[in-house]
Amino acid sequence: MWGSMFRWLDPYAKPETLYHLCGRWLPYLMTLAIATLLLGNIWGLAFSPPDYQQGDSYRIIYIHVPSAIWSMGAYSSMAIAAFIGLVWQIRVAQWAVLAIAPIGAVYTAIALITGAAWGKPMWGTWWVWDARLTSELVLLFLYLGVIALSGAFSEAARGIKVASLLAIVGVVNLPIIHYSVEWWNTLHQGATITKFAKPSIDPSMLWPLLISLLGLALLLAALTCLRLRSQILIFEQHRPWVRQLVEQQHEEQS
Amino acid sequence: MVMWRALVQRELQLLGRQKADWLNPLVFFLLVLSLFPLGIGPEPGMLKQIAPGLVWIAALLSVLLSAERLFKDDYRYGVIEQLVARRQGLFSYVTAKICCHWLSTGVPLVLVSPLIAVLLGLDWQSWQVLLVTLLLGTPVLSLLSVLGAALTMAADKGGILQALIILPLYIPLLIFASGAMEAAATALPYTGQLAVLVAFLLFALALVPLAVRQALRMNVG
Amino acid sequence: MAFTSWADFWAMGGYALFVWLSFGTTYGLLLGLWWYSKRQHQQIQQQIRAKAAREQRVRQHQEREK
Amino acid sequence: MSIILAAEALSCVRQDRVLFENLSFQLSAGQVLYIQGKNGAGKSSLLRLLAGLTLPEDGRILFRGKPLSEQAEVFAEHLLFIGHHSGIHPQLTALQNLAFWAAISEQAVADPYQLLGSLGLAGLEDIPCFMLSAGQQRRVSLARLWFSSQLLWILDEPFTSLDQQLIAKLEQHFLQHLAKGGVIVLTSHQHLAAEYPALQAIELEYRW
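Chains as they are written, first to last, in this note's numbering: chain Y, 24 to 277; chain X, 992 to 1212; chain A, 366 to 431; chain U, 53 to 260.
Because the hints were derived from the structure by calculation, they are not lab data.
Please read these numbers as outputs of a predicted model, since none were measured by experiment.
Yeah, the Cβ is synthetic: ideal placement off N, Cα and C, and Gly gets one too.
Honestly, I wouldn't trust all of these hints.
Stated by the list, open to error - Computed Cβ-Cβ distance ranges for the label pairs, DEER-style:
(1) 250(U) - 1193(X): 52 to 62 Å
(2) 72(Y) - 1019(X): 31 to 41 Å
(3) 1039(X) - 78(Y): 39 to 49 Å
Claimed, not checked - Straight-line C-alpha distance at most 27 Å; calculated DSS-like pairs for lysine-lysine:
(4) 416(A) - 232(U)
(5) 1010(X) - 1063(X)
(6) 1039(X) - 1148(X)
(7) 37(Y) - 403(A)
(8) 221(U) - 232(U)
(9) 416(A) - 403(A)
(10) 221(U) - 118(U)
(11) 431(A) - 37(Y)
(12) 416(A) - 431(A)
(13) 118(U) - 37(Y)
(14) 431(A) - 90(U)
Please model the entire structure based on the sequences and the hints provided.
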């Protein structure tokens, strides 16, 4: 049943087709991503009004929140790719895991750094053991674990499968970790300041936030395309089409 | 069942021959525990306050370290490869490994808990809670450690890598186990935390053996 | 426009350090990741070329031996 | 004769090196497949493919006419695989190792002492295997062939570090298995001494 349901996806699972498809999408995605990200951020930085409580420091929201959201989004998509790759033995999905992991790790690092930079003026310290920040930190460790595990095997194909399994184990654990940390946080009464105390956010602040959110999503897609192309080349390098392609590119360059 | 008994017997025979595999983690555990008072001072009040976190961090480190070599020999001598080709006995093998790992590392920790209570100045009530959390938590520690060992079995670098991938997964256990002990120390109800520990145990028991089997297959495939 | 002058904009109401630190590291990290991925892609192509050349040499050698 | 094991256009890639391409063969009951080749030519990789441990890059393997991927469990039940490493834990005795593999394959060894004795291991049954020589360890591992009822044997270098007498004994045992309709796939550096009724040989070349 499952096999026939996803038959229409077959051409995309063919590495060569996917390589060229990614190559075709990459410039559009990248241009669009940079344009939306810059639009959202410049709007947020220069044109939206300052917050009545936090002043101009709140403008960090325009990267902190999108990067935090997409750090988790990237983990979910990585885990979904891992699941598809392992259950249906679709190799491009396994390669996508390796393509996404570093991007997700960078997004998580951004969310952490901007969170700290926001925390300093708000709470007076760079780091508080707030539930969200702690979960984000654990997420970074999970990403680093997947990356480290995938590189620890002399046979790359093996590393990628084991790392996919770890990604799935991680995604099962993430909600448990998140709620544990939240429970722990309420227990210890550490930082109870929530960053979004306001139930509704003014449209003049919301729009640039949504645009920045879209921008980072597009950038995630664009970078995934770029990195997936590299993975396809690595794992298909014995195929004639890769040899031809690489030769052609070399001739074009020289 | 006959097969499973034979597999457990084999693990026990191996443990009998390689006593360092389960004695060293125990010594490590006690050693780490006795380092803390030396590092932060011996005031009983202070020790009592940090005891829950301390015991649990020492426990998870020692269980994690003990699991590192769990599959290495069987992998090196081709046992795992042939079990994977054989398919049938693999799941029994995994569960036998997990059981014996808990027997050889979790149970000793439970048994030395009176000693811990003495070292850290815990009262009767706190010791009881410590005992219960150890009984409920160490199987989960074993399960996750075995998973870490299985994932990194064929990896070129063991040790630290295994810790890196498994320690984040320990966080919920650490929070609730030490939470229960803290609650007990301040005379608050702690049955909720224990219930969560039971839930973790059942959840891990249901899923981890399957994941371990899959990890072993991938490591030889 | 929420600011009256450029100086005002750069000062960010006294939060310049935090705001520009955040945006700076963000764009720095993203650019770094992009550059790294781009370079990795080129390196892989180079490696594949080197491997093809290696195989070519082996083949030539084998033919000469015959 | 019915075809037990067949390979169709198999290719195998290890560490981005193509080991072999387009390899096909058919084995009927009573046949031996003898795989030769230099070190690194992919003999062990081929055996691991045939044992279902790894998946081929291209092509497929059929067991009794059906692809392996569709009947992994059934295939595994009929398979006895002894890989490059013997599967003997050096900390356990010969008897304990034997008991482990008997339990795994759910078969009972009628008289383990007699079996080990017939393989020249009399008196060495209950000492840890790390005290045995390489050849003796190999014998412990091969003892499985005497109490297993599997149809298909896949053996990686079974003759390594065995003496002439034991090689002859092992080959006699192979012939018996073949006479019963079994199938054997093996790699070896040595030439096979016995006369096999139906022997297929594959020579793998080291490729770049």
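Do the hints match the structure? See the list:
1. The supplied range of 52 to 62 Å is met by residue 250(U) and residue 1193(X), whose beta-carbon atoms lie about 55 Å from each other.
2. At about 58 Å, the CB distance of residue 72(Y) to residue 1019(X) disagrees with the hint of 31 to 41 Å.
3. The hinted window of 39 to 49 Å between residue 1039(X) and residue 78(Y) holds, with their beta carbons roughly 44 Å apart.
4. Taken as a hint, the residue 416(A) and residue 232(U) pair is broken in the structure, with Cα atoms around 49 Å apart against an allowance of 27 Å.
5. The hinted pair formed by residue 1010(X) and residue 1063(X) meets the criterion: a straight-line CA distance of about 16 Å does not exceed 27 Å.
6. Under the criterion of a C-alpha separation no larger than 27 Å, the hint pairing residue 1039(X) with residue 1148(X) is inconsistent with the structure, at around 38 Å.
7. Restraint check: the Cα-Cα separation between residue 37(Y) and residue 403(A) comes to about 23 Å, which is no more than 27 Å; the hinted pair holds.
8. About 17 Å separates the Cα atoms of residue 221(U) and residue 232(U), which keeps this hinted pair within 27 Å; it holds.
9. Using a Cα cut-off of 27 Å, the hinted pair residue 416(A) and residue 403(A) holds, with the two alpha carbons roughly 20 Å apart.
10. Proximity of residue 221(U) to residue 118(U) is assessed by CA-CA distance (about 34 Å); at most 27 Å being required, the pair is judged violated.
11. Note on residue 431(A) and residue 37(Y): the hinted pairing is violated, with a Cα-Cα distance of about 39 Å set against a maximum of 27 Å.
12. For the proposed pair residue 416(A) and residue 431(A), the alpha carbon gap of about 23 Å is at most 27 Å, so the pair holds.
13. As the CA atoms of residue 118(U) and residue 37(Y) are separated by approximately 25 Å, the hinted pair is consistent with the 27 Å bound.
14. Restraint check for residue 431(A) and residue 90(U): satisfied, since their Cα atoms lie roughly 19 Å apart, inside the 27 Å limit.
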